[in-house]
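Asks: Residue strings, one per chain:
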Amino acid sequence: MKSAFQCIKHIKTLYKQYIKPQNKLLKSILFLSILAALTIIVQNILKSPIDGSWAAQSGMEIVHKYPKSYDACFLGSSTAISNISNQHLYEKYGIASVSLGEPEQPLYLARYTLEEFLNYQSPKVVFLDTKSILYGDNYFKSRIGNDGNHIMLHQSIDSIRTYKIKKQALKDTATIIGDIDKWNYYSPLYYSHTNWKNLSYEHFKKPDKPDYMNGNVVLFNVAENCAEIYNMGNYNSSYSLSPQAERYVSEMADLCNAAKCDLVLVTSYVFSNKKQHNAIMALSKKYQLKYIDINEFTTKTRFQHQLDLADPVHFNLSGSIKWSDFLGNYLQNNYKFPDRRKDTSYRRFEEQKEVFRQQKDCIYTRQKLLSATSFYQYLTVLTHLGKKDHVILISAANSKMTHLTKLEQKLLSELGLKTDLSSKKNCGYVAIISENGVQESFSFLNSARAEETLNKASFQVISNSAEGSEISSIKINGQEMIQGGNGLHFAVYNTRFNIVSSSCFFDINAYVNPAPRKVTTAGTGTIQYATEPNVWKDEE
Amino acid sequence: MINFISIQFLIFATATLILYFLTPIRFRWTVLLVASMFFYACTGLNALIFILLSANTAYVTARSIEDNYNSSTPNQKRNLFTLLSGITITLCFLIYSKAGNALASAISAIFLAKPLTFQVIVPLGISYYTFSIIGYMMDVYRKQQAVEHNFFKFLLYMSYFPQILQGSIPRYRTLAPQLFTGHLFCYKNMCYGMQRMIWGYFKKMVIADRFALISSEVFGNYDSYEGLIFVVAAICATIELYCDFSGCIDIALGFSEILSIHLDENFRRPFYSRSAAEFWHRWHITLGTWFKDYVYMPIVSSHMISKLCQKTGKLFGRHFAKNIMSAIPLAIIWILTGLWHGTGANYLVWGCYWGLIIIFSTIFATDYKKIIVKLHIQTDSIFYKNFQILRTCLIYVISRLITVPGDLRVTWKIIQRIFSEFNIWIFFDESLYHIGLDRKDFWVGTISVLILWKVSSLQEKGVKIRDKIASYPLILRWCIYFASILAILIFGIYGSKQAGKTFIYMSY
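Sequence order for the protein chains is A and B.
For what it's worth, the working numbering labels the leading residue of the first sequence as 1490, then goes sequentially.
For what it's worth, the working numbering labels the leading residue of the second sequence as 708, then goes sequentially.
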């Protein structure tokens, strides 16, 4: 308090000494400077609530921050952000790359993003995701029409600092979608001031670690139902390339030529079809560009559609690592890059190694749990899980445990369960295994339940009994993960990344070493894994 | 068009200020003229032609009247004819822009087989500058005003950009000398002017445009609402209109104050009025005084009214004649005021509504006083004063119901729906957060209105807010400025997500 008064006194003295005697111009300048500083602070605070999981990954920020440091970049739509792992390229091949794509980035914005990128960097290769080439102008217009906030536009245009490029990008935007309020793009506050309503305490906190991975969005989901992917395989919408698309590809090729780097077209999504492939191939030949289509290299990349896709379009981390491996080999075979791992100015990559390891651990665990075809396999995977990052939730349903083997009981004991389930019948039983220890609840003839909160995640496990009226279920953060199965219910939650790694049940009431099953809605049904590889869907 | 609520305007205004103070003093008025012409040209070249034609008409009329007066044989009838011609021509421009489409459809319905359609040009601020120049011509005719011989100076008086959007309606004798005399830069005026502009922006962007979301939602979808929701929406529409109009005037006055030009005040806390007549002495003051000087007084002093009074006096007595004497000019003024705001039937009814209230309150004033005396009501008590203030506010809120829906049939339906259900629970069940504003926006609006109310009540008590702020220590003063500016930047309704509305009185 005393020091605060002293500080005010000091400011007062400074004011009397220097500012008061001077003319009023100085005072006005000081006033405007403080106002500008305050506005910038407010602007930065209000910007954060609009940054969703995708928007927060703007790679252009790091492009500006570390000039002349990237060997390659990936441009285009969301697949350019999620389907490649820049960290993996660095760790395995020593290549520094960055993703500058944005969800549904139209080609013209990819072109201006490239120009901005080349103003700051001297790469050897620029990869352009072909999905951006296939978007028609009308498609983009309709999408923007639905999105009154123009978030898609902001993600690309806001990150462009060069006035001339930004101006041209806005001019092209206006040509495509009609009248736009350009001040939205020159003054962030103009656009984001309404976010005061969404502000929370979190927005005022400085993040502990950088929340970006060189422009990548890391996806942990595993697309469990591949049937959807095959439906998407019959992608029939028009993909005839517009003259505008050709114009921008040609301009991008010219920009790359001027910067002495190669423009490579890449198709990194697995629902492409032959017509699209041929159209892009013809375009690449016309402008003498290289073209790589993942669909031609599924065997080489060892891509598994049932495990490496986060959804029909995007790869999860495992898929992106496989695709990065393929592109890393391609880059090593065709270009000479200095090994950035030996360069101390790339410490930012080194700092992300641990997070990346944990991310890989998370996705591989998830894959293993999903790949387990029997109860025994599933329990084996569980016993190898790091308890620090995982919470295992168990609830018994209609417990008779008739077919629980000694080996399985042993593995359950290894997980830390003290109750011998093989001898139990007509009882309620639940368990929560976390870094805090094992919490078990057992109740003969009655229901059992357990609850726990860990790292802001809440868990609720309920087990029915022979006479109880409740339904066995596992809830995470209030959301039902599995309910109403038979035997033992399991759910595994990753506390590091706040995702549910697995949720299924094993009907040991009826079968020995049963397969995992999942209750989807009211009824029951097993998870259907696709076994066929993705093949060309030739419409002729 | 350059709107006050735009970054373009801030750039334009800053550039004008810099140029003004950099130009030699005797040429400073030319900067204002060029800026005004540029500002006006941004609304469209057609509109510019209109203002030039109107300026030319008034200029020529005034010069002709002056020439006639200066001639060896001044002819009053000729001057009257010149004046009426000038007024008729300028009014024709106004009628064309205000009622062009309505007249075209009426003419085509009577005389033509096919409907006549054409694009009517509505020049910005035509109602304001038309009234200004009519006043100027009449003053010249009455020999109350010297004629301006420099056409460009006259054009500047007419088109001075800060007041072209929503007024006020300036008098030549008060504004012109200030415009043509170059002013030195005054730091105090700059600070005071900017304060006033900030206050205007706060009223417009934080309050008016926020409450506009409620009124447009409720009156735009009146079928979906009933009961007290309409009362809330009408109150919001009232707050919206006051803050919109007075906010714009504050910006215009503030900008002019930076130039050391003092425009006429147009508002004096109208919601502290204790009667309808007082309300109109505090609301849109320059329009009221214009009507008083150029319509009311000529009618009252006309021979026709005197004769009518004499005749009615003989027939029905003096008291009745006195009432007629005051009722006729008031009725004419209020019909004209209604038509000035718009040519729709709702504006005519609105004018009649106010006219009737004011006429009846004038006629029955003595009877009313007698009742008060009989009931032993203390007219100076706070209770009675507040009752009168609330009564005036209620009268105004009802008048908003006549004009906001835009159609008298809709107004009637809304009035029926107000009484269809007494849903008082809307004040307790969060219904108010679902009629255009969410909870947070609603409370920001409410708190802003409370700030406005507090400031107004202090002003009403005679406190000069700006002088008071100027007396604070620098740190506190600056904190107030920063807080006000940031409040506008954060809570203001602007940008593509929450586009604010244009000024309501701009369309008049």
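I should point out that these hints are in silico values taken from the structure, not numbers from a laboratory.
Watch out, some of these pointers could steer you wrong.
Label-pair distances were calculated between CB atoms; the ranges are [what the hints assert, rightly or not]: (1) B/Trp1132 / A/Gly1875: 24 to 32 angstroms; (2) A/Ile1523 / B/Thr730: 25 to 33 angstroms; (3) B/Ile725 / A/Lys1498: 34 to 42 angstroms; (4) B/Ser1088 / A/Leu1524: 53 to 61 angstroms; (5) B/Leu729 / A/Ser1611: 40 to 48 angstroms.
Values in this document were obtained by computation on a predicted structure and should not be read as measured data.
Note that CB positions come from ideal geometry on N, CA and C, so glycine has one too.
Asks: Which hints from the list above does the structure break, by number from lowest to highest?
Replies: 1, 4
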